[in-house]
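Now for the letters of each chain:
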Amino acid sequence: MIDYKTINLGHGSGGLMTQNLLDAIIFKAFSNPYLDKKHDGAVVKIEGKIAISTDSFVVSPIFFRGGNIGELAVNGTVNDVAMCGAQPKYLSLAFIIEEGLLVEDFIKIVNSIKDTAETCGVQIITGDTKVVERGKGDQIFINTTGFGAVNPKGNIGAKNIKVGDKIIVNGSIAQHGMAIMSQREGLEFESTIVSDTTNLNFIANDLINEFGHGIHLFRDATRGGLASVLTEIASEIKKGVSIIETDLPLDRQVAAACEILGLDPLYVANEGVFITIVDQYIADEVVKWMQKDSKGKQAVCIGEITEAHPGKVVMTSTIGGKRIVSPMIGEQLPRIC
Amino acid sequence: MAKTYKIIVSGQVQGVGFRPYVYSLAKDFSLTGTVSNNEHGVIIYVTGAPKNAEGFYDNLIKNPPPVSKIISSAIEEVPIQNFNRFQIIPSSKEGQVNLPLTPDFAICDDCKKDIADVKNRRYNYAFTTCVNCGPRWSITKTFPFERAHTSIADFPMCESCNNEYTNPANRRFHSQTNTCPECGISFEFTDNRGNIFKAENIFKTIAKQLSEGKIIAIKNTSGYLLCCNAEDDGVVKKLRTLKNRPNKPFAVLYPSLELLQNEACLNAKAIDVLTSTERPITIISLSNYKGHIALQEVAPGLNQLGVMLPYTGILQLLANQLDVPIVATSGNIHGSPILSHKKDVEVKLKSVADYFLHHNLEITHPQDDSVLKISDKYNFECLFRRSRGYAPNYLNVEVQSNDKILALGADLKNSIAFFPNQHLYVGQYLGNLENFDVYNRFVEEIKAFINIFEQKPEVILVDKHPNYQSTQYGLELSKKWNTKLYFIQHHKAHLAAVLGEYGLFKDDNVLGVVWDGTGYGDDGAIWGGEFFKYNAGEMERLAHFEYFDWISGDKMSKEPRLSLFSLADESFHDLLNSKFSREELNVLTAIKSKNKLKTSSVGRLFDAVSSVLKICDFNSFEGEAAMLLENRIIDYNIGRCVNYCKGFSGKTIPTLLILKGVQSDIKNGLETAQIATNFLFTLASIIYKVAENSGSSKICLSGGVFQNTTLIDMLIELNDNRYKLYFNRNLTPNDENMAFGQMMYYLNCENRTHLQ
Ligand SMILES: [Fe+3]
Ligand SMILES: [Mg+2]
Ligand SMILES: [Zn+2]
Ligand SMILES: [Zn+2]
Chain A
1 MIDYKTINLG HGSGGLMTQN LLDAIIFKAF SNPYLDKKHD GAVVKIEGKI
51 AISTDSFVVS PIFFRGGNIG ELAVNGTVND VAMCGAQPKY LSLAFIIEEG
101 LLVEDFIKIV NSIKDTAETC GVQIITGDTK VVERGKGDQI FINTTGFGAV
151 NPKGNIGAKN IKVGDKIIVN GSIAQHGMAI MSQREGLEFE STIVSDTTNL
201 NFIANDLINE FGHGIHLFRD ATRGGLASVL TEIASEIKKG VSIIETDLPL
251 DRQVAAACEI LGLDPLYVAN EGVFITIVDQ YIADEVVKWM QKDSKGKQAV
301 CIGEITEAHP GKVVMTSTIG GKRIVSPMIG EQLPRIC
Chain B
1 MAKTYKIIVS GQVQGVGFRP YVYSLAKDFS LTGTVSNNEH GVIIYVTGAP
51 KNAEGFYDNL IKNPPPVSKI ISSAIEEVPI QNFNRFQIIP SSKEGQVNLP
101 LTPDFAICDD CKKDIADVKN RRYNYAFTTC VNCGPRWSIT KTFPFERAHT
151 SIADFPMCES CNNEYTNPAN RRFHSQTNTC PECGISFEFT DNRGNIFKAE
201 NIFKTIAKQL SEGKIIAIKN TSGYLLCCNA EDDGVVKKLR TLKNRPNKPF
251 AVLYPSLELL QNEACLNAKA IDVLTSTERP ITIISLSNYK GHIALQEVAP
301 GLNQLGVMLP YTGILQLLAN QLDVPIVATS GNIHGSPILS HKKDVEVKLK
351 SVADYFLHHN LEITHPQDDS VLKISDKYNF ECLFRRSRGY APNYLNVEVQ
401 SNDKILALGA DLKNSIAFFP NQHLYVGQYL GNLENFDVYN RFVEEIKAFI
451 NIFEQKPEVI LVDKHPNYQS TQYGLELSKK WNTKLYFIQH HKAHLAAVLG
501 EYGLFKDDNV LGVVWDGTGY GDDGAIWGGE FFKYNAGEME RLAHFEYFDW
551 ISGDKMSKEP RLSLFSLADE SFHDLLNSKF SREELNVLTA IKSKNKLKTS
601 SVGRLFDAVS SVLKICDFNS FEGEAAMLLE NRIIDYNIGR CVNYCKGFSG
651 KTIPTLLILK GVQSDIKNGL ETAQIATNFL FTLASIIYKV AENSGSSKIC
701 LSGGVFQNTT LIDMLIELND NRYKLYFNRN LTPNDENMAF GQMMYYLNCE
751 NRTHLQ
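Note that the protein sequences, when read in sequence, are chains A and B. According to the UniProt record's numbering, the residues represented by the first sequence are 1 to 337, in order. According to the UniProt record's numbering, the residues represented by the second sequence are 1 to 756, in order.
If you are wondering where the hints come from, they were derived from the structure by calculation, not from laboratory data. There is no bait here: all hints are sound.
Lysine to aspartate or glutamate pairs mimicking DMTMM-like chemistry, simulated, CA-CA at most 20 angstroms apart:
hint, chain 1, residue 1, chain 2, residue 2
1, B, K479, B, D403
2, B, K594, A, E259
3, B, K558, A, D264
Full structure from sequences and hints, please.
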């Protein structure tokens, strides 16, 4: 029974109030044999190599167009595990709640976590809940850690990338960042932009099953956008990355919003966008295959790995010139004198 | 009684026919002795009557070879030595390594005569040069400047050329670039599919094609030029589209000074510059223009035109066939560096040019044409772009340092500076480093400097802006070579550039005025309207324009209306509604209310004023709005000007107040030209107000804003000899001076931020 409207410090005390909150909301939502034991930890069995990833989610606002912080917390970690070439199976879940969070909102978030976890095929097997004083948090922070077995058919790793490999992206970029920003800053664009948050674990795993060692790398383009992922890869493999601006999938509305704000969509965050770097000979096939999947309808090849300009990402721009895509260092500062 | 004297001459004395000149002068004065190069310059020993030696020295210093530049000279008597004749003696490489590099020189009158003379063996030979003219830096591979160290080495001299080269009486004695039709460089004329055409006189053919509205890419000695008939608006428009250059003015090559003078008013200063050995594009006023150039296409919205005269045998031979001026613009797609290789041009300009004139002389340092403007009233010469004819030597400063220093400049108008030993070099304008091809050239130029002098830098200097490509590359290099790295604030480097040009570092209480578009400030804001107090090695920010919001990233500099939006209060409501959609206004208002990034940029204030005056809301090239604003002013009367900032006396210049002054003059129905004049007058008055308050007697001014020659004229006029004004003169005021400024700051100022 819940007879209070907001969460207060007592709910994080570890006492009866905490138990009450957990029973009424969390255990109710995530009932499974591991969690139901109510231990401080869970013991699971996973065959083979294991991929682990952890992430903390601090998004504001916590409810946004196209999703909420709970959905993000599951997809984000699930995708990070999937990008290692593994199929995520278990998740830990920890909340840091700011005193005053509406119980109603908390329930919505928990339910969303539950639904998303089901969609992803992962179980929440351990967790934690803390409450902090008003002003010491921002409504709710969530940490998740994901575990899963690496698909033995694959061989995912930057070391496999060769000159000539193609870079494929699964869908439109910059949506999540623009959705969050427009809502947070109260920007009234003519049409609403919706976050692209989604799980990528099945499409990634299926790609490995289908193309095996032809898939050399997965990377999701979250914070820092596509530019950050590509610049990281270029400097890691010490080869060049060459992309073509006109090939980037970009929604017209998102492009217009970026244009008004003077933002470069390459640097705007995504939550359902990933790139895969594949052997050049199977690139066309991979694109066609991805386009049949609901998570890859707009899949397109955006560039390739080059011998030229090692460590640098160079974009052939709309007007024909070539531009260096720099790593994002702090904020976007104007350069022009 | 004969005596022996030792004479040392230093400066630009290499590749300029100095030693042959000394040789013949010594003979004229009946002196024996030797001449050679050493690390101090040219060293001469003469033996003869003291009167003759004196006469010789006097003559040498007062009338040196036309393209040489003497910085210092000294004569002293030494113990008597007996020579049996006068001789040029070879110099060792060590002896020469400190002589300055030499820029390209425009074709001289003697060589012009040679190629026009049917009886001369160089008749119609486009690569005719002598000790007084021809390419130098463009073809330099290593040091010192000798034939074997240039790409001319691909063309061994024939017997006739070699006779000239070894005959002391010949103008081509020791001329490193000597070639002729027999042994020299050859052309290849093709269409844009690569079909080769033969012609009796290639330039006659080209002139005909130009008159028929064709676009031709001509390989000059410093890079390709794209040429078309300047009087044909159709073809100029076409070139704009193909080059992706909507509004930026094109330079025009006049076939002769006579034709140019028939069409436009030139004063003596302009004629001097136009016919100098640097021969830059010179921006002249179009008041009283009588010619037929398609001005609306060549220089849209402007009351000025960049013109130049032929500066190579190639352009001279073409000019001889022309009776109209032609557009001659750098061979590139807008924003990329000037092209110099046949294979690049064939790909990149395939759809731009109808025909190509190639030749087989390799260009090692491609350079754009330099650009200079002379102010209308006081004839102040302001460099806009420093490249062919000026780069890479910088002679006017003496540097004392044991460090080998490389300065990487700023990103937008990049140039680099290198101090390998006694001489400081400032390379040519390279362009915007965001463009990958420009970035590559930047990397190549750094490599070239290091190879030429066989010296690795021990100190690297970069801008403080963390996202500049030049800063990033500096970081990379300093790690690779384990050098020291210093970050130098943009506007302080601009100020140091002026202090360095005039050698003012020992002075106290100098006022520095640095106004430009953007630079990364010490407080993380975007500076651009700065006043500094300089006291022997220390720079202190004294005053600045009141901060306003920097919104929309790089877009703010591209859309002057955004600067207006940022500065505007409610009274601009209707005007903003006419410039933005409702959606844009809603979004921008929301952004502005939470924005944290601030700016004091005068460049953006120019943009805002330009937008209020309905002159320009969108820049198609950097500084367009400010240029168009200045061009509205045909003439001004300082007595009729109004200062929008009259009451100001503090340390923060009220930016919005100036904009409101403009607004109220518009409401009062004042004409745009007068309002633009008042705005510049206000800026000039502010400088003097701050100067009064600071008690300085010297004012140094730098930054892109000081390319506004009307503002310079006003400052000179208002000064009334109260202050000494210092503007950049051998360098541009814009970011091209940054590398030099960084170097000067490092060498002379304290408080350097140190990393590693
Ligand atoms: Fe600047
Ligand atoms: Mg993570
Ligand atoms: Zn000559
Ligand atoms: Zn010859």
